[in-house]
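Student: These are the residues of each chain, in order.
2 protein chains.
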Amino acid sequence: MSLLIIGSVAFDAIETPFGKTDKIVGGAATYASLSASYFCDDVKIVGVVGDDFHKEDIQEFTNHGIDVDGLQIKKGEKSFFWSGKYHNDMNSRDTLITELNVLGTFDPIIPENYQDCEFLLLGNLAPQVQQTTIGRLTKRPKLIVLDTMNFWMDIALTDLLETLKLVDVLTINDEEARQLSGEYSLVKASKKILDMGPKYLIIKKGEHGALLFHEDKVFSTPALPLAEVFDPTGAGDTFAGGFIGYLAKVGTVNFNNMKNAIIFGSAMASFCVEKFGTEKIKNLSQEDIAARVKQFVELSSFTI
Amino acid sequence: MSLLIIGSVAFDAIETPFGKTDKIVGGAATYASLSASYFCDDVKIVGVVGDDFHKEDIQEFTNHGIDVDGLQIKKGEKSFFWSGKYHNDMNSRDTLITELNVLGTFDPIIPENYQDCEFLLLGNLAPQVQQTTIGRLTKRPKLIVLDTMNFWMDIALTDLLETLKLVDVLTINDEEARQLSGEYSLVKASKKILDMGPKYLIIKKGEHGALLFHEDKVFSTPALPLAEVFDPTGAGDTFAGGFIGYLAKVGTVNFNNMKNAIIFGSAMASFCVEKFGTEKIKNLSQEDIAARVKQFVELSSFTI
Chain A
175 MSLLIIGSVA
185 FDAIETPFGK
195 TDKIVGGAAT
205 YASLSASYFC
215 DDVKIVGVVG
225 DDFHKEDIQE
235 FTNHGIDVDG
245 LQIKKGEKSF
255 FWSGKYHNDM
265 NSRDTLITEL
275 NVLGTFDPII
285 PENYQDCEFL
295 LLGNLAPQVQ
305 QTTIGRLTKR
315 PKLIVLDTMN
325 FWMDIALTDL
335 LETLKLVDVL
345 TINDEEARQL
355 SGEYSLVKAS
365 KKILDMGPKY
375 LIIKKGEHGA
385 LLFHEDKVFS
395 TPALPLAEVF
405 DPTGAGDTFA
415 GGFIGYLAKV
425 GTVNFNNMKN
435 AIIFGSAMAS
445 FCVEKFGTEK
455 IKNLSQEDIA
465 ARVKQFVELS
475 SFTI
Chain B
175 MSLLIIGSVA
185 FDAIETPFGK
195 TDKIVGGAAT
205 YASLSASYFC
215 DDVKIVGVVG
225 DDFHKEDIQE
235 FTNHGIDVDG
245 LQIKKGEKSF
255 FWSGKYHNDM
265 NSRDTLITEL
275 NVLGTFDPII
285 PENYQDCEFL
295 LLGNLAPQVQ
305 QTTIGRLTKR
315 PKLIVLDTMN
325 FWMDIALTDL
335 LETLKLVDVL
345 TINDEEARQL
355 SGEYSLVKAS
365 KKILDMGPKY
375 LIIKKGEHGA
385 LLFHEDKVFS
395 TPALPLAEVF
405 DPTGAGDTFA
415 GGFIGYLAKV
425 GTVNFNNMKN
435 AIIFGSAMAS
445 FCVEKFGTEK
455 IKNLSQEDIA
465 ARVKQFVELS
475 SFTI
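Chain order of the listed sequences is A and B. If you read the first sequence in the numbering used here, its first letter stands for residue 175, the second for the next number, and so on. If you read the second sequence in the numbering used here, its first letter stands for residue 175, the second for the next number, and so on.
Treat the hints with care, as some may be off.
Since the list gives no way to pick out one identical chain from another, each pair is judged satisfied if it fits inside one copy or across any two copies.
[Claimed, not checked] Subject to a maximum C-alpha distance of 30 Å in a straight line, what follows is the list of computed DSSO-like cross-link-like pairs (lysine-lysine):
no.: 1; residue 1: Lys313; residue 2: Lys433
no.: 2; residue 1: Lys197; residue 2: Lys373
no.: 3; residue 1: Lys365; residue 2: Lys449
no.: 4; residue 1: Lys362; residue 2: Lys468
no.: 5; residue 1: Lys362; residue 2: Lys194
no.: 6; residue 1: Lys197; residue 2: Lys379
no.: 7; residue 1: Lys362; residue 2: Lys379
no.: 8; residue 1: Lys197; residue 2: Lys433
Everything labelled a hint here was simulated from the structure, so no lab data went into it. In this text, all values refer to a predicted model and were calculated from it rather than measured experimentally.
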């Protein structure tokens, strides 16, 4: 089924204890759409770049079968740029530079041929832009997943709360769940957040895996223990892309399929962190993914 | 099969954001033996208390079928006393008082009728005392599990490394695994630690569950997400007791049984934190435990 992904398409400059990059292609929609493309053959993106974005960069999307009709290219303007430096533990980072550029005035225009999309991923962006996107779709998608971050809770909480009423699934990390709910316990936090609108809540815990909450049910999946986390940038977006890409592939939304979608999303995220930027997730085979998912099964299965 | 548990039997005074206790019974051997008693009907403890330890306190062990022949009572002396205060996040705590008392000169005497024990849990104690215990057993138990903490890595590392060569399973938390190995990545840490002697390594991650490493295999189990963690004291010991108690019950040591033992240990630990001290784990039924284990199965099972 068709999947629409909206989010930033950007340049990142990343520094980790393992090295540093020049400007490389990044952004939520980039990671998420590449990740989703391994599951769903009808992925479309909406985003905006400047004319500093190269043809080869756009070619990378089309090589993965991703529809870029909704990717606006602003002449004479520059793409969103983010630069950050990870600490030694790789769990925390400092933002060095944020240049909004074209993203500062981003108006999400939905091409006519995108209107039939059945799955929608609202990647991390201003909640107002996420809400506008929903409003511009003539038919509500079957499933709307929203990803956000603490930044928007700090500066646009009212907009975010309004937008949350319109979505089915929210993905945030554990600290963000605590901030949004005002509850330390993730069980209590999940109850409050599920009352805000989403029917499903996914709490991403990085190296500790993820939790899925729905009604009174909860599912927990570990992260794959890795010898080396090379660059965590984009892992959350890659997770979200794999998650919704898998659901768009199977077509039916229920708790069991959500659980599997979390496993596939986690598997994709585990690849993402193994190299800088999108380097690893650009070049995967279906066999790579199947082998990684098998590792997740072995990692967490037991028979009592 | 018979299970010998050695460790502290003590008084604790605990303060959490939910309240505070007077002196209540605690100690590694207390939590571990109570926990193990739900699985194994032949649990024996070796420990030491002062004559401030009441008959009713000892009765609690025998009520659970625990053999206390190896519990020395030192006339005119006082039991080990620890007092601590948990921070609001319940993940960190300050030690307010540590009075070693009888534990300062503890000589682990093994009663003759303990000599045939097939499973041995060396609860958190000075590594030298743990090593002496192994040396005093005429026949090596089928499985030796050692629990320790950062304190001993700080002040008795050489002794600890010597003792690690003699055991089958080591249980420590993630920070301790990093300290012991000098590696941040738990995968790398596990390889180094498995080279130190133990064939199995269990890394306890509190609210994030536990990891089991053995040869090239790894198993991950979540912790049960709880609405409230009331008092984390003794959770690690309760985990260790449930873990080895389950193995002593099934009798056969292999990776699959270890995985199940971790689930049972985690289930017991999830009860422990729900009330102060041993209050909850003193009063469980087999039905309570079966229902909790079922929650773990539901929490982490998926079918791809």
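Student: State whether the alpha carbon distance between Lys197 and Lys373 is at most 30 Å within one copy, between copies, both, or neither.
Tutor: neither (38 Å within a copy, 46 Å between copies)
Student: Should Lys365 paired with Lys449 be assigned to within, between, both, or neither, using CA atoms and 30 Å as the limit?
Tutor: between (36 Å within a copy, 22 Å between copies)
Student: For Lys362 and Lys379, with the copy left unspecified, which applies at a CA distance of at most 30 Å: within, between, both, or neither?
Tutor: both (16 Å within a copy, 20 Å between copies)
Student: For Lys362 vs Lys194, is the C-alpha pair at or below 30 Å within one copy, between two copies, both, or neither?
Tutor: Intra 40 Å, inter 23 Å, cutoff 30 Å: inter-copy only.
Student: My question is about Lys313 and Lys433: at a cut-off of 30 Å on alpha-carbon distance, are they close within one copy, between copies, both, or neither?
Tutor: Within one copy only: 27 Å inside a chain, 48 Å across chains, cut-off 30 Å.
Student: At most 30 Å between CA atoms: does that hold for Lys197 and Lys433 within a copy, between copies, both, or neither?
Tutor: neither (35 Å within a copy, 45 Å between copies)
Student: When no copy is specified for Lys197 and Lys379, does a C-alpha distance of 30 Å or less occur within a copy, between copies, both, or neither?
Tutor: Classified as within: same-chain Cα gap 28 Å, cross-chain 37 Å, threshold 30 Å.
Student: With identical chains, the pair Lys362 and Lys468 could be close in the same copy or across copies; at 30 Å between alpha carbons, which is it: within, between, both, or neither?
Tutor: Answer is between; shortest inter-copy Cα gap is 21 Å, intra-copy 32 Å.
Of the numbered hints stated above, those contradicted by the structure are hints 2, 8, listed in ascending order.
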